[in-house]
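Trainee: Given next are the chains, with one letter for each unit.
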Amino acid sequence: MQDYFLEVQGLKKYFQAGRPGLFNRSVEQIHAVDGVDLQLKRGEVVAMVGESGCGKSTLALTLMGLEEPTAGKIAFESKDITHAGEHARKLLRQKIQMIFQDPYESLNPTQTIEEIVAEPLDVHGLTHSKAEREAKVVKALEDAGLKPAASYMYRFPHQLSGGQRQRVVIAGALVLEPLLLIADEPVSMLDVSIRAEILNLLADLRRTRQISIILITHDLGTCGYFADRIAVMYLGRIVEIGPTHEILSNPRHPYTKALLSVVPVPNPRLRKQRFILQGETPNPINLPGGCRFHPRCPVAVVQCKLTDPAYVTVGQAHRAACLLLDSNIS
Amino acid sequence: MALQTTELKPSVPSTPLLDFWKIFRQNRMALVGLGMLIVIVIVAVFAPLIATHDPSVSADVTSADVYQPPSPQSWFGTDDAGKDVFSSFIYGARVSLIVGFFAAFISVILGGVIGIAAGFYGGRTENLLMRFTDIMLVIPDLPLMVVIVALTKPNLLNIIFVIGLLGWTTTARIVRSQTLAVKSRKFVLRARAIGAGNAHIIRHHILPLVMPLLVVNAILVISLAILNESTLSFIGLGDPTAISWGQMLNFAFGRGAMSVGAWWALVTPGFGIVWVVLALTLFGHGLEQVLNPRLETHHLMRARDVIRHEAAGKPLHGGTRQRVPDEAPILIEVNDLSISYINEGKPPARAVENVSFTLRQGELLGLVGESGCGKTTLVLGLLKLLPAAGQIVNGEVWFGGRELTALTEQEMESVRWKGISIVFQGAMNALNPVRTVGEQIEEAIVKHDPDMKEAALDARVDELLDLVGITAKHRDHYPHQYSGGMRQRAMIAMALACNPQVVIADEPTTALDVMIQAQVLELLDSLRKRLGLSIIFVTHDLGVVAEMCDSVLVMYGGVTAEYSDVDTVYNLAQHPYTQELLKAFPDLTHPEKRLASIPGYPPRLDDLPAGCRFAPRCPAVSNRCGGEAPAIHQLSERHFVSCHLVEKPSSPTLPPQGEGSLSPLPKGEGQGEGKG
Numbered sequence: 000m001q002d003y004f005l006e007v008q009g010l011k012k013y014f015q016a017g018r019p020g021l022f023n024r025s026v027e028q029i030h031a032v033d034g035v036d037l038q039l040k041r042g043e044v045v046a047m048v049g050e051s052g053c054g055k056s057t058l059a060l061t062l063m064g065l066e067e068p069t070a071g072k073i074a075f076e077s078k079d080i081t082h083a084g085e086h087a088r089k090l091l092r093q094k095i096q097m098i099f100q101d102p103y104e105s106l107n108p109t110q111t112i113e114e115i116v117a118e119p120l121d122v123h124g125l126t127h128s129k130a131e132r133e134a135k136v137v138k139a140l141e142d143a144g145l146k147p148a149a150s151y152m153y154r155f156p157h158q159l160s161g162g163q164r165q166r167v168v169i170a171g172a173l174v175l176e177p178l179l180l181i182a183d184e185p186v187s188m189l190d191v192s193i194r195a196e197i198l199n200l201l202a203d204l205r206r207t208r209q210i211s212i213i214l215i216t217h218d219l220g221t222c223g224y225f226a227d228r229i230a231v232m233y234l235g236r237i238v239e240i241g242p243t244h245e246i247l248s249n250p251r252h253p254y255t256k257a258l259l260s261v262v263p264v265p266n267p268r269l270r271k272q273r274f275i276l277q278g279e280t281p282n283p284i285n286l287p288g289g290c291r292f293h294p295r296c297p298v299a300v301v302q303c304k305l306t307d308p309a310y311v312t313v314g315q316a317h318r319a320a321c322l323l324l325d326s327n328i329s
Numbered sequence: 000m001a002l003q004t005t006e007l008k009p010s011v012p013s014t015p016l017l018d019f020w021k022i023f024r025q026n027r028m029a030l031v032g033l034g035m036l037i038v039i040v041i042v043a044v045f046a047p048l049i050a051t052h053d054p055s056v057s058a059d060v061t062s063a064d065v066y067q068p069p070s071p072q073s074w075f076g077t078d079d080a081g082k083d084v085f086s087s088f089i090y091g092a093r094v095s096l097i098v099g100f101f102a103a104f105i106s107v108i109l110g111g112v113i114g115i116a117a118g119f120y121g122g123r124t125e126n127l128l129m130r131f132t133d134i135m136l137v138i139p140d141l142p143l144m145v146v147i148v149a150l151t152k153p154n155l156l157n158i159i160f161v162i163g164l165l166g167w168t169t170t171a172r173i174v175r176s177q178t179l180a181v182k183s184r185k186f187v188l189r190a191r192a193i194g195a196g197n198a199h200i201i202r203h204h205i206l207p208l209v210m211p212l213l214v215v216n217a218i219l220v221i222s223l224a225i226l227n228e229s230t231l232s233f234i235g236l237g238d239p240t241a242i243s244w245g246q247m248l249n250f251a252f253g254r255g256a257m258s259v260g261a262w263w264a265l266v267t268p269g270f271g272i273v274w275v276v277l278a279l280t281l282f283g284h285g286l287e288q289v290l291n292p293r294l295e296t297h298h299l300m301r302a303r304d305v306i307r308h309e310a311a312g313k314p315l316h317g318g319t320r321q322r323v324p325d326e327a328p329i330l331i332e333v334n335d336l337s338i339s340y341i342n343e344g345k346p347p348a349r350a351v352e353n354v355s356f357t358l359r360q361g362e363l364l365g366l367v368g369e370s371g372c373g374k375t376t377l378v379l380g381l382l383k384l385l386p387a388a389g390q391i392v393n394g395e396v397w398f399g400g401r402e403l404t405a406l407t408e409q410e411m412e413s414v415r416w417k418g419i420s421i422v423f424q425g426a427m428n429a430l431n432p433v434r435t436v437g438e439q440i441e442e443a444i445v446k447h448d449p450d451m452k453e454a455a456l457d458a459r460v461d462e463l464l465d466l467v468g469i470t471a472k473h474r475d476h477y478p479h480q481y482s483g484g485m486r487q488r489a490m491i492a493m494a495l496a497c498n499p500q501v502v503i504a505d506e507p508t509t510a511l512d513v514m515i516q517a518q519v520l521e522l523l524d525s526l527r528k529r530l531g532l533s534i535i536f537v538t539h540d541l542g543v544v545a546e547m548c549d550s551v552l553v554m555y556g557g558v559t560a561e562y563s564d565v566d567t568v569y570n571l572a573q574h575p576y577t578q579e580l581l582k583a584f585p586d587l588t589h590p591e592k593r594l595a596s597i598p599g600y601p602p603r604l605d606d607l608p609a610g611c612r613f614a615p616r617c618p619a620v621s622n623r624c625g626g627e628a629p630a631i632h633q634l635s636e637r638h639f640v641s642c643h644l645v646e647k648p649s650s651p652t653l654p655p656q657g658e659g660s661l662s663p664l665p666k667g668e669g670q671g672e673g674k675g
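These protein sequences, in sequence, are chains A and B.
Count the first sequence with numbering that gives the first Met the number 0 and you get residues 0 to 329, in order.
Count the second sequence with numbering that gives the first Met the number 0 and you get residues 0 to 675, in order.
Don't read these hints as lab results, they were simulated from the structure.
Check before you lean on any hint, since a few could be wrong.
[What the hints assert, rightly or not] Not everything, but these chain A residues come out facing chain B in the computed CB check (under 7 Å):
| no. | residue |
| --- | --- |
| 1 | Asp190 |
| 2 | Val191 |
| 3 | Ile275 |
[Stated by the list, open to error] Covered stretches of chain A, as calculated for chain B (at least 3 residues, CB under 8 Å):
| no. | region |
| --- | --- |
| 4 | 81-95 |
| 5 | 99-113 |
| 6 | 166-175 |
| 7 | 193-199 |
| 8 | 221-232 |
| 9 | 256-266 |
All figures in this text were calculated on a predicted structure; none of them were measured in a lab.
The C-beta atom is built at its ideal place from N, Cα and C for all residues, glycine as well.
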């Protein structure tokens with residue numbers, strides 16, 4: 000068996016909807032993450048793609064240990080970290096870092112850029128002298144593309160543009176020299192012209208530092224770039240996973256096909272048939288029976304209401320969970 | 000070459016304190032309050048130097064000295080014991096301020112700790128602490144104080160403690176809600192993700208953001224404490240050895256000052272109390288305005304009348320009235336529109352300069368550019384909905400035979416919504432959370448058509464909702480029950496309420512998922528076909544508009560970079576900015592290709608480069624670009640580019656009429672002419 004860097008098995012995270020009342024003890028469950036399996040190799044980039052409400056952000060927080068998993072197992076460097084204790088968790092934080100979606104919200108407006116980037120060092124007590132601390136901050140800022148670092152260090156977040164702020168967030172994650180980076184929609188709040196910079200930066204980091212990245216996004220267009228594999232999530236579960244070129248050129252799950260068809264193409268001559276799903280991701284309290292995608296699926300058959308599809312291997316390391324792919328049924 | 004490195008200037012360490020003082024200085028209310036406060040503090044500190052008599056020394060008092068009116072010896076007269084009122088007043092300031100400050104100190108520390116603990120830890124801790132606060136809040140303070148002070152010895156220390164220990168409830172409540180707000184912000188989550196513990200988060204992330212509120216609150220608590228002390232003293236529970244203003248009032252009131260008409264004995268201490276409380280209140284409110292700029296009322300006020308003046312800088316070209324094939328009637332024609340934000344003491348921000356375009360019936364125009372390129376200003380300008388500082392400084396907007404920039408506010412009312420309506424970005428903020436979506440659509444109709452009958456109104460709301468694909472059962476739901484996509488649909492329904500000919504959509508899909516974005520785009524496209532609408536679609540995303548626009552206007556730094564039909568812009572783009580924007584786009588058909596990015600950032604609109612605004616970021620920049628702004632060149636009937644590069648005579652895209660089209664059409668001399 001191959002040793003994986005990160006291995007997730009049957010991960011579930013349920014939330015309770017509301018507090019139990021005095022007379023109403025039964026509380027509804029929100030099935031945010033509902034059985035996710037994922038393996039990641041060192042230096043690999045996996046993109047988790049899905050609409051809002053599919054559980055991809057909860058998955059990120061659960062992997063980070065910011066949410067306690069309801070069930071399942073997470074192993075990191077062959078060690079079970081599912082319920083790591085406080086001390087072990089703090090050590091893990093040095094190795095697993097996260098980049099948040101909104102660079103306007105994820106920086107404290109009262110801190111200078113230097114304080115923000117140095118904060119992880121202070122929290123973990125990693126530097127022993129002022130000079131060492133400053134050298135590390137400068138290096139992280141410049142690695143994140145903020146050169147020269149001196150012209151940014153004493154500024155406040157509001158004095159920077161959105162792209163620069165996201166670089167600060169990335170610098171704050173890099174300063175701990177993590178092995179795994181979880182990037183939750185790192186570019187969705189940025190202008191298209193700035194997105195390319197940030198995506199290129201992440202691609203470079205992965206190349207030069209062998210950092211593994213889990214990229215979380217709703218837009219297949221932005222992740223095609225440097226992800227090795229793409230996992231498409233729907234209502235808390237991965238419905239299709241495979242190598243990037245496979246998913247982009249040969250999607251097998253109807254949901255993947257739909258997501259791919261709505262990626263905007265910047266050329267009016269290539270206006271294509273779009274495959275727009277009606278409605279939105281249903282709320283994860285009452286999951287539809289059978290295949291959870293069937294109410295929105297344009298090709299659903301009667302069987303889909305009854306049977307929850309298992310994964311079907313449809314190519315090299317390419318699996319999808321759709322009944323129609325199972326030769327016994329179609 | 001020198002242009003390429005106009006990166007950030009090395010920054011000076013910014014001192015927040017200095018910035019704070021700069022804003023503070025402009026707030027008259029806070030300044031007056033501070034001044035009054037300083038005066039009284041000086042008086043209290045230097046009391047022995049200021050006072051003419053020492054009130055603790057009781058000289059031989061004869062009955063003739065009692066309640067003497069103001070005289071050169073005792074400026075404010077004498078009191079019941081024949082003491083100098085002025086001197087007692089000066090020393091009274093000491094007692095009042097000491098009690099006020101120390102009691103408030105206790106209250107604020109207590110309230111702050113309880114508030115932060117409740118807000119930060121939540122759950123049972125919060126429940127316990129806040130119920131306790133509630134109980135303390137409903138117990139009437141004054142009777143309780145009276146009981147406690149009466150039971151203990153009424154000395155200064157006891158009074159300070161009693162007032163301090165009873166005055167923390169409001170502080171706790173305010174601090175708790177602020178802590179809750181700060182706690183839910185993403186940077187706190189980020190701090191957790193880097194491994195920070197609770198103590199670190201409270202110290203570095205919660206406290207700095209709660210502090211401004213706490214300071215303002217502390218000021219008001221001080222004034223409350225001083226009032227409480229005065230009240231206690233007035234009813235005879237003050238420290239008899241320390242004469243405060245309340246005590247002076249008590250003595251004067253109880254010992255016949257009223258009956259002998261010795262008004263000075265009452266007015267003087269009263270004046271002191273009013274002075275301090277007023278000073279603290281003014282200072283506190285002023286401070287609040289300074290620390291919380293959101294309280295300032297400047298945004299989205301009614302636009303001022305158009306003031307025509309020379310547009311800052313010279314116009315980039317003479318005018319570009321297009322001669323478009325007459326397929327459909329022209330609805331909107333914008334000529335040389337320039338809009339500046341004019342703030343006193345600052346250089347004007349030239350947000351839009353000399354932009355011209357036409358919009359035909361049924362046309363979908365994409366208005367594209369990065370954030371801060373003036374797109375939103377341009378469309379708000381069309382409707383004259385600019386914030387107060389924004390002014391149309393030049394140009395004209397023709398719609399339905401009328402020139403909109405010359406219309407009065409009242410006349411504009413008939414254009415807005417009925418002629419041109421707008422869908423704003425961020426649908427959640429644009430909907431009223433406490434009214435149902437149906438009611439809000441009704442309101443939009445009634446505002447512009449007050450005579451509509453109830454039944455017709457009902458039918459119209461249903462029709463509008465149906466038009467945007469919302470089922471009737473959602474009509475009576477509140478905005479929070481809607482998903483993001485549905486809210487945006489509701490906003491579109493509202494924009495359609497009065498059958499407008501033109502709908503402006505300002506980044507309607509930016510915060511939405513790709514799938515929902517596709518749904519909204521499809522809806523707009525179908526509405527255009529069904530209702531013959533014209534749409535101006537504002538976006539930063541070239542990909543979004545490619546699939547459905549007829550024409551595209553690319554803006555950069557407030558000016559037109561390129562304007563043409565959609566095919567030309569995407570396949571024959573001439574402006575380097577358009578080309579770079581297209582390259583920055585992920586292309587799923589070649590996922591292995593590295594993304595091109597445009598280095599740098601758009602210029603600040605109040606600090607524009609001298610020549611071409613794109614020059615500092617342009618890959619094809621030449622010496623000329625640094626000093627000379629390019630004119631807008633017409634390359635073909637419907638292709639306009641503002642770049643020096645297209646001037647080459649060998650340019651392959653030149654129209655048959657050749658060089659003639661390079662020179663701008665003669666128009667625009669009359670930019671200074673008075674209107675309205």
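Trainee: At a Cβ distance under 8 Å, does chain B reach at least three residues of the region 166-175 of chain A?
Mentor: As far as the region 166-175 of chain A goes, the hint holds, because 4 residues have Cβ atoms under 8 Å from chain B.
Trainee: Within the region 221-232 of chain A, is the number of residues with a Cβ closer than 8 Å to a Cβ of chain B three or more?
Mentor: holds (count 3)
Trainee: Does the interface hint hold: is A/Asp190 within less than 7 Å of chain B, judged Cβ to Cβ?
Mentor: Holds - the Cβ of A/Asp190 comes within 7 Å of chain B, reaching about 5 Å at its closest.
Trainee: Grab the minimum C-beta distance from A/Ile275 to chain B and call the hint holds if it beats 7 Å, violated otherwise.
Mentor: holds, 5 Å
Trainee: Are three or more residues of the region 99-113 of chain A within 8 Å, CB to CB, of chain B?
Mentor: holds (count 10)
Trainee: Does A/Val191 pass the interface hint, meaning its C-beta sits closer than 7 Å to a C-beta of chain B?
Mentor: With a closest approach of 5 Å, the A/Val191 hint holds.
Trainee: How about the region 256-266 of chain A: do at least three of its residues have a C-beta closer than 8 Å to a C-beta of chain B?
Mentor: holds (count 9)
Trainee: Under 8 Å between beta-carbons, do enough residues of the region 81-95 of chain A, three at least, approach chain B for the coverage claim to hold?
Mentor: Holds: 4 residues of the region 81-95 of chain A have a Cβ under 8 Å from chain B.
Trainee: Establish whether the coverage given for the region 193-199 of chain A by chain B is satisfied; the threshold is a Cβ-Cβ distance below 8 Å, and no fewer than three residues must meet it.
Mentor: holds (count 6)
Of the hints listed earlier, there is not a single one the structure fails to meet.
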